[in-house]
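Undergrad: Order-wise, the sequence lines are chains A, B, C, D, E, F and G.
Here the first sequence stands for residues 1 to 94, numbered as in full-length UniProt numbering.
Here the second sequence stands for residues 1 to 94, numbered as in full-length UniProt numbering.
Here the third sequence stands for residues 1 to 94, numbered as in full-length UniProt numbering.
Here the fourth sequence stands for residues 1 to 94, numbered as in full-length UniProt numbering.
Here the fifth sequence stands for residues 1 to 94, numbered as in full-length UniProt numbering.
Here the sixth sequence stands for residues 1 to 94, numbered as in full-length UniProt numbering.
Here the seventh sequence stands for residues 1 to 94, numbered as in full-length UniProt numbering.
Don't read these hints as lab results, they were simulated from the structure.
Only a predicted model underlies this, so the values are computations on that prediction, with no experimental measurement involved.
Idealized CB from N, CA, C, for every residue including glycine.
Mixed in with the good hints there might be a few duds.
If you want a taste of the chain G side facing chain F, the calculated C-beta under 8 Å gives, among others [unchecked claim]: (1) 1; (2) 45; (3) 50; (4) 54; (5) 59; (6) 74.
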Amino acid sequence: MLKPLGDRILVQVDEEKEQTVGGIVLANNAKEKPQSGEVVAVGAGEKAPDGKVIPMTLKKGDKVIYDKYAGSEVKYEGNKYLVMHEKDVMAVIE
Amino acid sequence: MLKPLGDRILVQVDEEKEQTVGGIVLANNAKEKPQSGEVVAVGAGEKAPDGKVIPMTLKKGDKVIYDKYAGSEVKYEGNKYLVMHEKDVMAVIE
Amino acid sequence: MLKPLGDRILVQVDEEKEQTVGGIVLANNAKEKPQSGEVVAVGAGEKAPDGKVIPMTLKKGDKVIYDKYAGSEVKYEGNKYLVMHEKDVMAVIE
Amino acid sequence: MLKPLGDRILVQVDEEKEQTVGGIVLANNAKEKPQSGEVVAVGAGEKAPDGKVIPMTLKKGDKVIYDKYAGSEVKYEGNKYLVMHEKDVMAVIE
Amino acid sequence: MLKPLGDRILVQVDEEKEQTVGGIVLANNAKEKPQSGEVVAVGAGEKAPDGKVIPMTLKKGDKVIYDKYAGSEVKYEGNKYLVMHEKDVMAVIE
Amino acid sequence: MLKPLGDRILVQVDEEKEQTVGGIVLANNAKEKPQSGEVVAVGAGEKAPDGKVIPMTLKKGDKVIYDKYAGSEVKYEGNKYLVMHEKDVMAVIE
Amino acid sequence: MLKPLGDRILVQVDEEKEQTVGGIVLANNAKEKPQSGEVVAVGAGEKAPDGKVIPMTLKKGDKVIYDKYAGSEVKYEGNKYLVMHEKDVMAVIE
Chain A
1 MLKPLGDRIL
11 VQVDEEKEQT
21 VGGIVLANNA
31 KEKPQSGEVV
41 AVGAGEKAPD
51 GKVIPMTLKK
61 GDKVIYDKYA
71 GSEVKYEGNK
81 YLVMHEKDVM
91 AVIE
Chain B
1 MLKPLGDRIL
11 VQVDEEKEQT
21 VGGIVLANNA
31 KEKPQSGEVV
41 AVGAGEKAPD
51 GKVIPMTLKK
61 GDKVIYDKYA
71 GSEVKYEGNK
81 YLVMHEKDVM
91 AVIE
Chain C
1 MLKPLGDRIL
11 VQVDEEKEQT
21 VGGIVLANNA
31 KEKPQSGEVV
41 AVGAGEKAPD
51 GKVIPMTLKK
61 GDKVIYDKYA
71 GSEVKYEGNK
81 YLVMHEKDVM
91 AVIE
Chain D
1 MLKPLGDRIL
11 VQVDEEKEQT
21 VGGIVLANNA
31 KEKPQSGEVV
41 AVGAGEKAPD
51 GKVIPMTLKK
61 GDKVIYDKYA
71 GSEVKYEGNK
81 YLVMHEKDVM
91 AVIE
Chain E
1 MLKPLGDRIL
11 VQVDEEKEQT
21 VGGIVLANNA
31 KEKPQSGEVV
41 AVGAGEKAPD
51 GKVIPMTLKK
61 GDKVIYDKYA
71 GSEVKYEGNK
81 YLVMHEKDVM
91 AVIE
Chain F
1 MLKPLGDRIL
11 VQVDEEKEQT
21 VGGIVLANNA
31 KEKPQSGEVV
41 AVGAGEKAPD
51 GKVIPMTLKK
61 GDKVIYDKYA
71 GSEVKYEGNK
81 YLVMHEKDVM
91 AVIE
Chain G
1 MLKPLGDRIL
11 VQVDEEKEQT
21 VGGIVLANNA
31 KEKPQSGEVV
41 AVGAGEKAPD
51 GKVIPMTLKK
61 GDKVIYDKYA
71 GSEVKYEGNK
81 YLVMHEKDVM
91 AVIE
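Please build the complete structure, drawing on both the sequences and the hints.
TA: Right, dumping it as structure tokens:
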């Protein structure tokens, strides 16, 4: 399994929704890029300047909305994930 | 419901006002982009470097004026919101 | 009324002075953009990193001189104001 | 009178020296832009992150040399001054 | 042996995987640049502003995934390594 | 005399050395711009964020080597000096 | 001797290795620019914000590998050195 480092989280991105116009499925570049996903792993937390670790706010299973430029894509065992800093998450869906 | 993370707030943007010239409604790009809205949710507050959480100043229901470049648009259950940091709010309408 | 957030102030900008050449009033773009005004409202003060609020130096009624690039214009009930950070004020007229 | 805010000082700029070549006074753009002047007012001092005020080093009457890009020009009662941060002063003439 | 300084780590980059299309091995520039490797040495840790050393999180032998722009390449005794800051590591493979 | 402010020093730049090729003195733009000089005055020291003054390391009379882009030129009583921050000095010649 | 200031070190750069192709020595611009050298002098250490000096990690005699853009070249008594900040050193050869 992938364990994010520091204040990072690992996000499984929601499936892209297909857009249809009058029943016609639009090609890939017309799809909305999703900005939501599920947290599948969280880091231990960021180290403060004094060396202490600040606990994470998010936990595994949280549904999150993030900025469209957030995160780096990583592939692991055939799956794609986004790794991002917790602070790049804008909101949690409750 | 969407719960903003950290020092973020969720803002329901005021309706755009239509501009009329001699009774003629102007097309969309001539409308004033509103810079005001209502706070519909607030985060728990930003973490200070020592890990403590700084309480929010704004609360649900506040009418706010924000910078025109503030925030990121998010869609949730058919509604559009702005998510922004509390510090991007310039003033509260009292 | 508008209540500025944090270390911001609300400034009512002085009227632009008309410039005349030989008694002829110059067109608008030749006027000097004023860099002075009156403080009509002040925020509660900036939060320090430890969460404490630093009191404001300026108060309502102060006549101030500010940098020509300072502040954002906001409209409220038909009036135009500038909202700026207290640190953008260069001097107080005493 | 103008009272600078924070760690700012108000400087009355020295008169520009005329340059002459063989007794001919050169036109204005050939003059040396002065980088020295006299401090006519000082602020109360910058607020440190903990809210305390750091006392000023300079005082009224000091003759100072400053960087040629330092400060903003302000006009007050027919006179031109420079408002700059104390840290933009390079040296004091003793 | 190379001993990284401060909060740096020395990474032995995983072999690039060859990509094949219908059994044909693609030329080098079509290969995926690997973003994973094994930590072969770690520094003593970064010095905090107060001079104390913050212990490292990673240790020798950790399999890591890093940002594709992370690190500087160094050659030592015929081998190529990446030296990067610990914070450039996105996740550990557990 | 000029008294540098804060953590600045006043440097009297070493004379430029003439370069000769086969006994021919090269024109001015072929000379090496010197990066060394003698400290002729030092400031009282930089103020730390808490308002305390950090004592200077350099003292009058020190021969220093500085970065070629360091400092601002000032003229005083017919002499040219460089005013630079102490941290722009790379090394002392002992 | 040159004494580096603050957290700087003085590095004697390793000789550039000549590259040969089939016994032919390549011209200068085909040589690898070395990124290693020996520390010949170290500063007293950087001053922390509170004025305390943070001790150096490196010492005279250390063989170091540094980033290819690190440091400024200085000449002293006919020799060329690099002066760089200790944090620009990537690894020590042990």
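Undergrad: Look at each hint and say if it fits the structure.
TA: Comparing the hints with the structure gives:
no. : hint : result
1   : 1    : holds, 5 Å
2   : 45   : violated, 11 Å
3   : 50   : holds, 6 Å
4   : 54   : violated, 13 Å
5   : 59   : violated, 17 Å
6   : 74   : holds, 6 Å
Figure legend: structure checked against the earlier numbered hints; hints not met, in rising order: 2, 4 and 5.
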